[in-house]
Every structure is written in C-alpha cells, then in structure tokens.
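S.K.: The chain contents come next:
2 protein chains.
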Amino acid sequence: MTVSRALKEGSRVSKATREKIMAAVNELGYVLDQSAGTLSSRKTGFVAAMVPSLNNSNFADTARGITDELESTGLQLLLGYTDYTVEKEERLIEAMLRRRPEGIIVTGGAHTERARRLLDNAGIPVVETWELPSKPIDQVVGFSNEEAMGLLVKTLARKGYRKFGYIGGTTSRDTRGSQRREGFVRAIEDLGLPTGRLVSFGVPPISIEQGGQAVVSMLERWPDTEAVLCVSDLSAFGALMECKRRGMRVPQDIAIAGFGDYEVAAFCHPGITTVNVDCYGIGQQAARRLIQIIRGGEKKHEQEIILTGYRVVEREST
Amino acid sequence: MTVSRALKEGSRVSKATREKIMAAVNELGYVLDQSAGTLSSRKTGFVAAMVPSLNNSNFADTARGITDELESTGLQLLLGYTDYTVEKEERLIEAMLRRRPEGIIVTGGAHTERARRLLDNAGIPVVETWELPSKPIDQVVGFSNEEAMGLLVKTLARKGYRKFGYIGGTTSRDTRGSQRREGFVRAIEDLGLPTGRLVSFGVPPISIEQGGQAVVSMLERWPDTEAVLCVSDLSAFGALMECKRRGMRVPQDIAIAGFGDYEVAAFCHPGITTVNVDCYGIGQQAARRLIQIIRGGEKKHEQEIILTGYRVVEREST
DNA sequence: AAAGGATATGTTATCGATACCATCTGAACA
DNA sequence: TGTTCAGATGGTATCGATAACATATCCTTT
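Same order as they appear, the protein sequences are chains B and S. Our numbering numbers the first residue of the first sequence as 1 and each following residue consecutively. Our numbering numbers the first residue of the second sequence as 1 and each following residue consecutively.
Just so you know, these hints were derived from the structure itself, not from any lab. Some clues are possibly wrong.
[Claimed, not checked] Below, a list of computed lysine-lysine pairs in the BS3-like style, where the Cα atoms sit at most 27 Å apart: (1) B:K8 x B:K43; (2) B:K43 x S:K43; (3) B:K8 x S:K43; (4) S:K88 x B:K43; (5) S:K8 x B:K43; (6) B:K88 x S:K43; (7) B:K244 x B:K163; (8) B:K154 x B:K244; (9) B:K244 x S:K88; (10) S:K244 x S:K159; (11) B:K88 x B:K135; (12) B:K88 x S:K8; (13) B:K8 x S:K88.
Working from the sequences, and respecting the hints, build out all of it.
M.R.: Now the structure itself:
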C-alpha cells in the first residue's frame with residue numbers, strides 16, 4: 001500500500017520511505033501495472049478517439065490536438081481509424097468500449113444504429129467532431145461543412161466567377177464531403193448561377209491522382225467551366241497539377257479551390273485558395289471538454305455544442 | 001464462467017445456452033470488461049508503437065500497416081508519437097509499459113539509456129524500425145538510410161550531375177535524417193565530386209516552407225549547384241515550388257530530389273525524383289513479426305533483422 | 001510527562017474477468 | 001441396466017493494484 005502511494009503524485013509518504021521505495025523500484029526495474037489499478041479504482045485512464053483516416057493530415061492534426069491536450073492529465077489515447085465507414089466504426093467502438101475508456105471522441109454524426117446504442121449505454125461522455133450533427137449524441141465540437149463551402153462559393157462569386165464546377169467522391173460515406181457538396185449546390189442555387197456541374201470521381205477520400213482525373217472529366221463535359229471547387233485540397237492539388245500539365249493557366253483559364261488548407265495548398269505554385277479549418281483546435285477542444293466532464297465528475301453533464309472557426313484563404317489559384 | 005466462455009470464440013457452449021446468453025447480453029447492452037480479463041489471463045491484447053510524428057504521411061503509413069496487420073488478431077494498438085525526441089520517447093515508453101503491452105514497436109535505434117533498460121526488462125519482444133541500428137535491442141525491420149541516400153546520389157551522378165547540394169535539418173535528433181546526410185556525404189566523396197554543399201535549416205522534421213527557404217540559402221552560397229537533394233520530399237517540394245516561383249526551370253537550371261516518395265512528389269509538376277520506401281510494409285512486417293513471437297509463445301525468440309526494400313524513383317525534376 | 005492531533009504506515013476487501021479443476025448430463029454401447 | 005466418456009456447466013482462487021478503514025508513530029503543546 002505504501003508503495004502504491006509512493007508511486008502516485010500528491011500522496012503523503014515520508015521522504016525516507018519514498019527514497020527506499022524508489023531505490024528498490026529502480027533496482028528491480030519495476031513498472032506499475034495499470035490494468036490492475038484500473039480494476040480496483042474503476043478508472044482506466046483511457047480516452048478513445050476514432051478518425052476516418054490516419055493518413056489524412058487534417059485528421060492527423062486533430063489526433064495531435066487530442067493527444068497534446070491529454071498529455072498533461074495522464075490520460076492515454078486509444079486511437080482507431082474507421083476507413084470512412086460506419087461499419088468499421090461500429091466494430092471499433094465496440095472494441096474500444098471493452099477497454100472502458102472514460103470518454104470517447106468520434107468523427108462526424110453518422111453512425112450505425114447499434115453504434116449509437118453502444119455509445120448511449122456506455123455511460124461516458126461522447127464528443128462528435130468535425131460536423132454539426134442534426135441529432136447529437138452528446139457533446140459536439142465542429143463546424144458546418146455546408147456553410148463553410150457555401151462561404152467559399154460566395155467569396156469566389158464576388159470575384160466574378162459564374163460557372164462553377166464541383167469535384168467530390170462518388171459515395172456518401174464521407175459525410176463531411178456530402179455536406180460540402182450540398183453546401184455548394186445550395187449556394188449556387190441561392191446565387192442564381194448555372195447549376196449541375198458536378199463530377200463524382202472515386203471512393204472517398206479522393207486522392208491527388210483522382211482529383212487530376214476528375215478535372216479532366218469536368219473539362220470534357222463542361223469546357224467553359226470557370227472555377228472548380230474540390231471536396232479537399234488533395235483533389236484540388238491534383239486538379240491544379242493536371243491543368244498545368246495540360247498547359248492551362250490557373251487562374252486565368254480556370255480557377256481552382258480546395259478545402260481543408262493542407263500544407264501543400266499553401267506552398268504549391270500557384271497557391272490554392274481553400275477553406276482553413278481549425279483541425280488541431282477541434283481535437284484540442286474535444287479533449288478539453290472530455291477532461292472537463294471526466295474530472296468534474298458531474299454525473300449528468302450538460303450537452304454543449306462548441307463551434308470551431310473556419311475561414312476562406314484566398315491564394316493565387318482563384 | 002459460462003458467460004465468459006460464450007463470449008469467446010472457439011470454446012464449447014451449447015447452442016441453446018449461447019443463445020440465451022446473447023439475448024441477455026443484447027438486452028442489457030453488456031460489454032465485456034477487458035481490463036479485468038487482462039488481469040487474470042495475464043494477456044492485455046495490447047501492442048504499443050511509437051512513431052516520431054502522426055502528421056508525417058510516411059509514419060502514418062507505417063502506423064496503418066501495423067493496425068491493419070493487428071486487426072485480425074484481436075490485438076489493439078497503443079499509438080504514441082515522440083516528436084522526434086528520445087526524451088519524449090522515454091516517457092512514452094514508460095507510460096506504455098504500464099499498460100503491459102505484449103510487444104512494442106519503436107522508430108529508429110536511438111534511445112535514452114533508461115529507455116533501453118526499460119525495453120530490455122519488459123520481457124516482451126521489441127521491434128526497432130526504419131533504420132538498421134548498430135546495436136539492436138531485439139528485432140529490426142528497416143533499411144539503411146545511408147545506403148538509400150547513397151544510391152540516389154549515384155543514380156543522379158550517372159545522369160551527369162556533378163555539383164550536388166544537400167538540404168536537411170539542423171540537429172541530429174532525426175537520426176534517419178542524419179544517416180541520409182552521412183550517406184550523401186560519403187557517396188559524394190566516393191565519387192570524387194565537389195563536397196561541402198550542405199545546408200541545414202530548421203529543426204527536423206523540416207517543412208515545405210523551410211525547404212523553400214533552404215534552397216534560397218543554397219543558391220545564394222553556391223549559385224552553380226546543379227542538383228539539390230533533400231532529406232525528405234516535403235522539403236524537396238518546398239524547394240521545387242520556390243525555384244519555380246523564382247522563374248527557374250527544373251531540372252534544366254537546377255535538379256531537385258527528395259526522399260520518401262510522398263504522394264505529393266508523384267503528382268506535383270514536375271514530378272519529384274525520390275527514394276521510395278516501403279512505409280506500409282515496415283509497419284506490416286514489424287507487426288507480423290511481433291504476432292509471430294507473441295502467438296508462438298517462444299520464451300526466448302531469435303533476433304531477426306528484416307530488411308525492407310527501397311528504390312529510386314526517377315521523375316521529371318532531375 | 002500526558003494528551004491530542006497530524007502524519008505515516010498497515011490490513012483487508014474488492015474490482016471483473018479467467019484458469020483450473022470439479023461436477024453434471026446425456027448418449028453410446030456392452 | 002450399468003458403465004464409460006465426451007461435452008457442458010459450475011465453483012473457487014487468482015491476477016495486482018487501490019479504497020476504505022485501522023493502527024502506529026511522531027511532534028507539539030500545556
């Protein structure tokens with residue numbers, strides 16, 4: 001018992017005893033077994049988080065935000081990736097819950113029925129991120145992808161572009177992608193601009209390469225398109241490079257914009273106009289809210305919806 | 001006890017009983033508590049892995065390789081990032097070991113003395129990845145960064161370039177970066193080419209932006225440099241974009257090459273010559289080897305060094 | 001020196017699963 | 001009918017820490 005106390009911060013053990021214990025610990029190479037502690041204290045020190053992909057730098061930033069925020073609290077992150085499917089998410093959630101995390105962060109508001117039930121029954125705070133779900137499970141940290149894309153359209157329309165095209169993935173499994181597309185369509189309609197120039201190409205998340213192929217298909221069907229908006233900067237970058245490869249001038253012959261403000265968008269040439277999203281902040285705030293609830297020990301916490309910022313970043317591509 | 005059996009695959013419980021149990025499980029929303037199981041079975045089902053950064057797509061690929069390989073085995077990944085420092089790695093290793101992982105994967109061969117001791121004493125298989133450490137702790141899955149960079153130099157020298165410059169980070173905390181730099185220097189010397197054109201810029205990992213700044217500094221000091229090799233594709237991309245911004249022709253005025261074969265290298269214009277590394281395979285094989293040892297239950301396993309492939313990918317930038 | 005309070009250390013039960021062994025059930029067969 | 005055996009189910013101890021409470025020790029004060 002005294003050893004247990006000595007190895008915890010902030011509990012009272014005499015200096016002499018603590019030193020003796022530490023000496024023994026060092027000599028033996030003893031490392032506390034947290035899974036035993038977990039069982040008796042009913043606190044695992046885990047927080048679970050699920051992102052669609054580890055390879056996407058936006059979500060990697062969110063994961064980093066979560067980790068950084070957790071670090072000082074001694075909570076450990078259980079990270080999983082869903083591959084953009086709710087089925088894998090469901091399996092992952094179940095696997096995570098077996099570890100009894102004290103809180104859980106998921107991406108988006110689309111889940112299987114069973115996943116919702118699991119999350120509801122888990123009795124732990126849940127944060128949905130990166131979107132504003134119409135029926136939140138619990139906490140939310142995110143922004144409206146629809147509005148953000150709408151803002152991009154309006155910003156470009158103000159510069160005089162009228163014939164807008166949109167490039168995105170083929171399925172709705174990337175819900176944020178679908179929302180951006182809806183935001184695009186609605187904004188175009190609101191402004192009374194020519195509609196219908198939508199190219200769907202590839203299973204989300206669409207890659208740089210697919211962005212290039214998609215813009216080719218866009219130009220074949222609607223050669224007079226003035227501005228192409230892409231579901232993400234990666235596809236925008238692919239589109240941009242493909243256009244340059246074909247000798248087109250950007251933005252004179254065609255303007256291109258993306259979404260997400262990936263590093264590549266800032267430093268490629270020409271720089272890509274995009275929507276900057278506070279990826280790191282999303283993770284940070286989601287974690288912070290969880291910590292608040294966990295440490296607060298409030299049994300029944302308030303539902304809170306935290307809006308994170310976004311802004312259009314205009315660069316040379318438009 | 002029967003419930004415990006019913007919830008495990010492959011143990012004998014009559015169909016009727018299993019169905020009754022499952023019905024109750026569903027009704028109650030019961031989820032197994034693995035931390036309790038862990039304690040009695042002495043198997044946590046965890047594998048720990050540490051990468052320098054989550055935001056680097058090369059390491060993200062490795063993490064994905066690990067996760068994918070683990071998925072079918074029921075092992076769960078505890079992922080942490082070290083920020084390229086051995087101090088953070090040490091703290092992370094200690095935190096991970098408290099969770100009693102059944103195996104551990106680290107990046108590189110540089111660790112603090114205490115970290116080595118912790119890993120040694122943990123009594124679990126350890127895999128060092130992404131390098132070939134001179135004094136391996138246990139298992140190794142990686143390649144020689146030095147040779148890989150050397151191969152790139154030789155390949156370009158064969159094309160006729162003679163005045164080579166190198167761009168990398170300022171400190172040695174990125175050991176793979178240091179090894180690549182050494183490989184560069186040695187290859188240049190071996191070939192009897194002009195030496196000394198080394199620009200160190202920024203704390204590793206150096207960014208796209210820093211790559212751009214570094215190439216400026218390179219051109220100021222050695223304006224006649226014919227080919228610039230960069231520690232990674234990100235800095236190479238930054239250098240490339242900066243050169244184009246300044247109206248230089250690549251590769252006619254200056255050739256640029258990177259390392260890592262990031263997606264951006266393939267699809268930017270011109271495409272960047274680089275060294276392709278089997279990032280995903282490193283993760284996959286590291287995990288596979290761990291599983292082999294864990295499942296094999298061999299108390300004392302053989303040390304094995306698994307070499308992963310690399311190859312120079314020539315593109316338009318050289 | 002005795003009393004009292006604060007601080008330090010010790011004891012025991014417990015968390016929730018599984019290992020291990022014991023018991024039970026039912027079918028097959030002599 | 002009794003015996004045997006495999007398969008199904010049940011009972012108990014246990015993993016290694018901590019919560020909660022009990023006791024010991026030390027210091028202060030009068």
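S.K.: Given the hinted pair B:K8 and B:K43, is their Cα-Cα distance within 27 Å?
M.R.: holds, 14 Å
S.K.: Is B:K244 within 27 Å of S:K88, Cα to Cα?
M.R.: Violated: B:K244 and S:K88 sit about 43 Å apart, past 27 Å.
S.K.: Keeping to a limit of 27 Å between CA atoms, is the pair of B:K154 and B:K244 held or broken?
M.R.: holds, 25 Å
S.K.: Would you mind confirming whether the straight-line C-alpha gap from S:K8 to B:K43 stays at or under 27 Å?
M.R.: Roughly 25 Å separates the two Cα atoms, so the pair holds.
S.K.: Within 27 Å, alpha carbon to alpha carbon, are B:K43 and S:K43?
M.R.: Holds: B:K43 and S:K43 sit about 19 Å apart, inside 27 Å.
S.K.: Within 27 Å, alpha carbon to alpha carbon, are B:K88 and B:K135?
M.R.: holds, 21 Å
S.K.: Keeping to a limit of 27 Å between CA atoms, is the pair of B:K88 and S:K43 held or broken?
M.R.: It holds: about 24 Å lies between the C-alpha atoms, which stays within 27 Å.
S.K.: For the pair supplied as a hint, S:K244 and S:K159, is the alpha-carbon distance within the 27 Å limit?
M.R.: Given that 27 Å is the threshold and the Cα spacing comes to 22 Å, the pair holds.
S.K.: Assess, step by step, whether the Cα of S:K88 is no farther than 27 Å from the Cα of B:K43, and give holds or violated.
M.R.: At roughly 24 Å apart (the allowed maximum being 27 Å), B:K43 and S:K88 satisfy the hint.
S.K.: Within a Cα-Cα threshold of 27 Å, do B:K8 and S:K88 meet the stated pairing?
M.R.: The hint holds at about 20 Å.
S.K.: Within 27 Å, alpha carbon to alpha carbon, are B:K88 and S:K8?
M.R.: holds, 20 Å
S.K.: Take a quick look at whether B:K8 and S:K43 sit within 27 Å of each other, Cα to Cα.
M.R.: Holds, at roughly 25 Å.
In terms of the numbered hints stated before, the structure departs from hint 9 and from no other.
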